[in-house]
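J.: Assemble the whole structure, with the sequences as input and the hints as a guide.
Note that the protein sequences, when read in sequence, are chains A and B.
With the working numbering applied, the first sequence covers 1 to 195.
With the working numbering applied, the second sequence covers 1 to 560.
Incorrect hints may have been included.
To be verified - Lysine to aspartate or glutamate pairs mimicking EDC-like chemistry, simulated, CA-CA at most 20 angstroms apart: (1) A:Lys-75 - B:Glu-347; (2) B:Lys-346 - B:Asp-412; (3) B:Lys-143 - B:Glu-94; (4) B:Lys-306 - A:Glu-163; (5) A:Lys-147 - B:Asp-155; (6) A:Lys-75 - B:Glu-354; (7) A:Lys-189 - B:Asp-155; (8) A:Lys-147 - B:Asp-412; (9) A:Lys-75 - B:Glu-312; (10) B:Lys-313 - A:Glu-163; (11) B:Lys-306 - A:Asp-186; (12) A:Lys-75 - B:Glu-305.
Just so you know, the hints here were simulated from the structure itself, not pulled from any lab data.
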Amino acid sequence: MSQQLSGQNQMTGSVNTPTHVQGVGSQTADDMSRSFAFTTKLEALAAWGRKNALWPLPYGTACCGIELMSVMGPKYDLARFGAEVVRFSPRQADLLLVAGTITEKMAPILVRIYEQMLEPKYVLSMGACASSGGFYRAYHVLQGCDKVIPVDVYVPGCPPTPEAVLDGIMLLQKMIATNQPRPWRDNWKNPYDKA
Amino acid sequence: MTKLEDLKKHLATQFDISKFKMAHVVGDDVMEINKTDLVPVLTFLRQSGRFDFLMDICGVDYPQRAKRFDVVYHLFSSHDSSRLRIKVQVSEGEPVDSVIRIWRGADWFEREAYDMFGIPFQGHPNLRKLLTHHQFVGHPLRKDYEADRQQSCNDVLPIHFDHEENQRGDVLNENLIPLNIGPSHPAMHGTLRVMVELDGETIVRANCEIGFLHRCFEKMAETHPYNQVIPYTDRLNYCSAPSNNVGYCKTVEKLLNIEIPPRAQAMRVVLMELSRIIDHIISVGTGGLDLGALTGFFHLFTYREKVYNLFEKLCGARLTVSMTRIGGMAQDAPEGWFDEVLGFCKEMRAGVDEITKLLLDNKIFIKRTQGVCPVKANEAIDWGYTGPLLRASGVNLDLRKAAPYYGYDGLDFDVPVGTNGDVYDRYLVRIEEMKQSIRIIEQVCKKIPGGDFSVRDRGIALPEKKDVYGNIEGLMNHFMLVIKGLRPQMGETYDATEAPNGELGFYLISDGSANPYRLKVRPPCFAIYQSYPHVVRGAMLADAIATVASMNVIAGELDR
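T.: Okay, here's the thing in structure tokens:
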């Protein structure tokens, strides 16, 4: 995320610089500070847009997937938070909602889905199973999806109530708005890479 | 004459029955035979029409025994609802003959037993792992495999098919287009993977891979006390969690030989029928969703939320209620709850009528579903279909009528039966079943029996909280039951209920300890889904999506 945003800084900077360069030379320092302020605001604008237009990929594997339907459904209505455009293609989504138990058989597929998503991307782990394996301390269950992909928000519960999921989404929106550093994500390596 | 004596007479016409050990134990007819007799006996029982359904095949591990494994077959007759359990003993690595030629539906059940116990089935054309990862080493349900020994697997199987007489499954046809659908795919409901070979848009070969949600339910049941297994059963068919709770508790109660009080029975019936309604809501709603009809899903979910509210009032949980206990219910219903259920029934009745107009009378829906991938009655029986899908194919079998429990025989309701067995008939049956469930709930709620909600045997049910905190005897009983655990006598039993998807069976073995020795679930959609590659063969790709939706495959109970 931080890499991505710094890339964007450079980009907006390069758009702005020519106008300042063309201006009066003695005012450069002043203009620079102004342009800085402008890019910060642009960043905030982008973050505002991002947080209010999340496109989730509902990776519902089990019971939590059914509660996720309730979150999307008429009563709880995720659309109120700007996240109703559900995409099953990872290339069109920026929020991976891991809802349900991830087994050893499913884990390589989950990693593949995560890798196919474009930046900036976020992961919300819904429920006890996705967060820690839950009460399945068993031979075929991955003990939390954060063993293979980086997770931004964990929502507890088995399954969590839709209110809890909405709370998790709002927490994520706050993280996006404040551009919170996410070292777990920057240091992530694909656990299945053979190299 | 008992059914067992009748069966003995029937078998004596063909076999020397002195070789067979036959007994009537805990309400079940059991027959132990040698493995050489297995195929002749099963062939005879099927062809003579004595038993038409093969409900389940499973393994059981007894490491101390010379012949280590039991292979257990559960047969069912739809004519008189009688059941028979046939057991065959085999030692490590010793093959047992496959019965796939007698019942086509033996396919996945044998593969599962092979995967879980390493029992080889001779003559099975595709004896591969079914539930665990293909890199997984060992057989997890053997007693010497530790429940939490995890293995790291990192690979995904390439597209493959079943072997057939003149065609290898792992060799793809160069002239056809291979296509992988799922397990992460909008139409595949979570964790199903379907692989097809297409000629244009027509499916030439299909195969499904399952096990993506294999979370070791049966092993977890072996490592937890009887009452702690209940939350795990919730997560079998999570669309209708209470019906699994009831199915499991009913089995343990059968082994304990207790009858629960009338009030608990009535509460269970209400819970089961409510869960049947909400299960069909998911099935019909997402079925429409897969065909592009989004409105039906949103509309039906409103009613599902109303049932969630009722569940929340009853116990605090929305989806996974864990409301039953062995011996009855966890607590009584709050005051006025049954009246609220009656109020819901009224709303739901209007809702079902609306959804009938919205979906079943919709021209597009009819064109997409009528005549699509029909399954004939005899094929359905051969595969081991039960529940709405079997009835859509024209077989009138509903355990609530055929082998009534909890006072279903005293209730007035009809069993809808289809004629064609196509996708449309399945939805027709489901929607009619919702109406019938409303009728059942109304009858039960109007005359709900009073009295206790649980048995008061101190070795089975925990005392009420007021006794635990109020007097020393209650405290002691609570302590003893928690520390010692519920311990049924040694024995085994099979019991089945009519779950929303069909026959949900539990085969329970107790060794007298606080944990079940073995708990095998017979999930309805497991038997149904194994027929999928054959049902969609020759159909269009879009019809295959409609078919998988109509089968209502729930990964939780499919993979366990």
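J.: All hints are to be evaluated individually against the structure, with a verdict given for each.
T.: For each hint, the structure was consulted:
1. Taken as a hint, the Lys-75 of chain A and Glu-347 of chain B pair is honoured in the structure, with Cα atoms around 16 angstroms apart against an allowance of 20 angstroms.
2. Restraint check: the Cα-Cα separation between Lys-346 of chain B and Asp-412 of chain B comes to about 18 angstroms, which is no more than 20 angstroms; the hinted pair holds.
3. With a C-alpha separation of about 18 angstroms, the suggested pair Lys-143 of chain B and Glu-94 of chain B falls inside the 20 angstroms cut-off, and the hint holds.
4. For the hint pairing Lys-306 of chain B with Glu-163 of chain A, the CA-to-CA distance comes to about 16 angstroms; that is within 20 angstroms, so the pair holds.
5. With a CA separation close to 16 angstroms, the supplied pair Lys-147 of chain A and Asp-155 of chain B stays within the 20 angstroms bound.
6. Proximity of Lys-75 of chain A to Glu-354 of chain B is assessed by CA-CA distance (about 19 angstroms); at most 20 angstroms being required, the pair is judged to hold.
7. Between Lys-189 of chain A and Asp-155 of chain B the CA atoms are separated by roughly 17 angstroms; this keeps the pair inside 20 angstroms, and the hint holds.
8. At most 20 angstroms may separate the alpha-carbon atoms for a hinted pair to count; Lys-147 of chain A and Asp-412 of chain B exceed this at roughly 53 angstroms.
9. Taken as a hint, the Lys-75 of chain A and Glu-312 of chain B pair is honoured in the structure, with Cα atoms around 15 angstroms apart against an allowance of 20 angstroms.
10. Taking the CA atoms of Lys-313 of chain B and Glu-163 of chain A, the gap is near 17 angstroms; set against the 20 angstroms cutoff, the hint holds.
11. At roughly 43 angstroms between alpha-carbon atoms, Lys-306 of chain B and Asp-186 of chain A are farther apart than 20 angstroms, so this suggested pair is violated.
12. Restraint check for Lys-75 of chain A and Glu-305 of chain B: satisfied, since their Cα atoms lie roughly 8 angstroms apart, inside the 20 angstroms limit.
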